[in-house]
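Protein sequences, first through last, are from chains A and B.
FYI, the numbering for the first sequence is 282 to 563, going by this note's numbering.
FYI, the numbering for the second sequence is 3 to 135, going by this note's numbering.
Just so you know, the hints here were simulated from the structure itself, not pulled from any lab data.
Ideal placement from N, C-alpha and C gives every residue a C-beta, glycine not left out.
Heads up, a few of these hints could be off.
Computed, partial: chain A to chain B, Cβ under 7 Å [to be verified]: (1) SER506; (2) ALA507; (3) LEU508; (4) CYS510; (5) MET514; (6) ILE528; (7) ALA532.
25 Å max Cα-Cα, derived SDA-like pairs, lysine to any residue [what the hints assert, rightly or not]: (8) A/LYS428 to B/GLU63; (9) B/LYS56 to A/ASN522; (10) B/LYS56 to A/VAL518; (11) A/LYS428 to A/GLU515; (12) A/LYS430 to B/GLU63; (13) B/LYS59 to A/VAL518.
If you want the ones that stay clear, here's a sample from chain A, every Cβ over 12 Å from chain B, calculated [said to hold, decoys possible]: (14) ASP294; (15) GLU307; (16) ALA324; (17) ARG326; (18) TRP344; (19) GLU347; (20) CYS355; (21) TYR361; (22) GLN370; (23) SER451; (24) HIS457; (25) GLY463; (26) PRO476; (27) LEU481; (28) PRO539.
Residues per chain are reported as follows:
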Amino acid sequence: MNKTGSRTVGFCDQFVTINFYGEELEGLVDFLCCDLQTGPESAARACYDVMLGGSINPMLSLWLGERCQYSGECRYELAYTLINEIIYQCIVDNAAGHAIHAAAIGSANGAVLLPGKSGFGKSTLTAWLVSKGCNYLTDELVLLSGKKKQLLPFTRPFSMKAGSSAILNSFVQYEHKDTISGVGGFMLPHRLLNPDFSPLTPALSLILFPEYREGAVTELNQLSSALGCAKLMECYVNARNIEGLGISQLADYTRNTPICQLVYGSFDGLYEQLHESFPLLF
Amino acid sequence: MALVSILYRLQREMTFHFISGIKSQAKICCLSFFFYLLLTMEYLHKFLLNPDFKVEKFDNEILLYAVSNTSGVYLNETAYLVWEMCSQGQSVEEIVLLLEETYSHQKETIREDVTVAITSLVDYGALIPSSDE
Chain A
282 MNKTGSRTVG
292 FCDQFVTINF
302 YGEELEGLVD
312 FLCCDLQTGP
322 ESAARACYDV
332 MLGGSINPML
342 SLWLGERCQY
352 SGECRYELAY
362 TLINEIIYQC
372 IVDNAAGHAI
382 HAAAIGSANG
392 AVLLPGKSGF
402 GKSTLTAWLV
412 SKGCNYLTDE
422 LVLLSGKKKQ
432 LLPFTRPFSM
442 KAGSSAILNS
452 FVQYEHKDTI
462 SGVGGFMLPH
472 RLLNPDFSPL
482 TPALSLILFP
492 EYREGAVTEL
502 NQLSSALGCA
512 KLMECYVNAR
522 NIEGLGISQL
532 ADYTRNTPIC
542 QLVYGSFDGL
552 YEQLHESFPL
562 LF
Chain B
3 MALVSILYRL
13 QREMTFHFIS
23 GIKSQAKICC
33 LSFFFYLLLT
43 MEYLHKFLLN
53 PDFKVEKFDN
63 EILLYAVSNT
73 SGVYLNETAY
83 LVWEMCSQGQ
93 SVEEIVLLLE
103 ETYSHQKETI
113 REDVTVAITS
123 LVDYGALIPS
133 SDE
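Produce the complete structure using the sequences and hints provided.
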């Protein structure tokens with residue numbers, strides 16, 4: 282099988298090379314990686330092959346050397362596996378900053394970090410905030426770096442759980458062909474909500490812990506620095522790479538940044554409440 | 003002893019990362035540990051700080067974190083006081099009496115608060131029962 286092309290992409294100077302075999306797969310790789318940092322192939326720490334084989338039942342596969350990471354017919358599963366592999370490779374030895382499992386949005390006045398584990402509604406809330414005019418940074422991962430609290434986002438397409446499609450349809454118009462979808466979820470290009478996207482690395486201005494609870498009344502409660510730091514640690518991905526786990530610096534970030542917990546059951550009145558509390562950011 | 007064992011296991015199985023804010027779990031833990039302490043008279047026991055844990059101080063709160071597992075435990079003001087007194091070698095009973103004397107207006111809740119705090123800190127591994135009687 283002949284290689285069609287390759288991309289060397291990454292995050293915070295950690296790169297992987299992705300070789301693809303087929304034009305269709307070039308489109309898939311570009312869909313996933315078009316906003317990631319690019320680098321020379323010589324800088325890549327790992328090399329993946331994305332393949333399409335078989336004429337009757339086209340079989341997709343993802344390989345890391347001799348090891349098969351995915352094999353099947355679902356483009357979404359392949360895309361999901363590949364993006365997670367890229368994230369893993371870019372973070373596993375990265376000590377350039379504090380990697381936080383979080384979504385983020387930005388504006389000229391700074392960045393809002395939305396940390397949370399999977400299932401807390403980060404991506405849906407972020408998509409909705411972007412539809413209201415906030416700039417998309419990421420729905421998955423950021424690196425916080427330096428005394429100026431610079432936020433470096435891992436910018437990828439929105440990755441949604443399958444159950445989010447109904448609510449997403451209420452504020453963005455898209456067609457099935459715009460997405461890569463599977464049983465577990467779907468990916469949506471962020472430019473559908475954010476057509477004037479330009480990469481930003483703003484300073485951290487607010488930490489907002491989102492929690493979707495069905496039927497809940499919207500509540501925005503300020504958290505103490507200590508509690509905020511403890512919650513942030515739950516989303517801290519690369520602590521082991523940093524001397525002393527980097528907790529002192531993480532604590533400094535929480536001492537110098539407003540921290541709130543946002544519980545919401547719907548988007549009704551939510552933006553107004555955020556605007557009232559943080560008019561420079563929303 | 004079977005009851006003690008069950009109750010102790012029950013409280014140990016609670017996964018606790020924040021001492022405040024998880025009231026229902028705290029109450030179950032508190033209840034089991036209360037019976038445990040009552041049945042074994044471990045109010046005389048002392049607890050040592052686990053040296054693997056580091057402390058990050060904020061104003062009236064602290065964050066404990068273990069280098070080995072990279073997760074943190076948030077201590078509110080009461081838990082912070084308990085932690086400090088354990089570090090000074092005081093027994094559970096001594097801690098309760100001292101706090102009841104200092105905060106006499108909250109006397110009825112202090113024993114429970116101390117029990118909850120110690121249970122959680124032991125559960126998290128931040129406190130280790132001392133072998134000294």
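Each hint tested on the structure:
no.	hint	in the structure
1	SER506	holds (5 Å)
2	ALA507	holds (4 Å)
3	LEU508	holds (5 Å)
4	CYS510	holds (5 Å)
5	MET514	holds (4 Å)
6	ILE528	holds (6 Å)
7	ALA532	holds (5 Å)
8	A/LYS428 to B/GLU63	holds (23 Å)
9	B/LYS56 to A/ASN522	holds (17 Å)
10	B/LYS56 to A/VAL518	holds (19 Å)
11	A/LYS428 to A/GLU515	holds (22 Å)
12	A/LYS430 to B/GLU63	holds (23 Å)
13	B/LYS59 to A/VAL518	holds (22 Å)
14	ASP294	holds (23 Å)
15	GLU307	holds (39 Å)
16	ALA324	holds (28 Å)
17	ARG326	holds (23 Å)
18	TRP344	holds (31 Å)
19	GLU347	holds (32 Å)
20	CYS355	holds (34 Å)
21	TYR361	holds (26 Å)
22	GLN370	holds (20 Å)
23	SER451	holds (32 Å)
24	HIS457	holds (40 Å)
25	GLY463	holds (32 Å)
26	PRO476	holds (39 Å)
27	LEU481	holds (29 Å)
28	PRO539	holds (15 Å)
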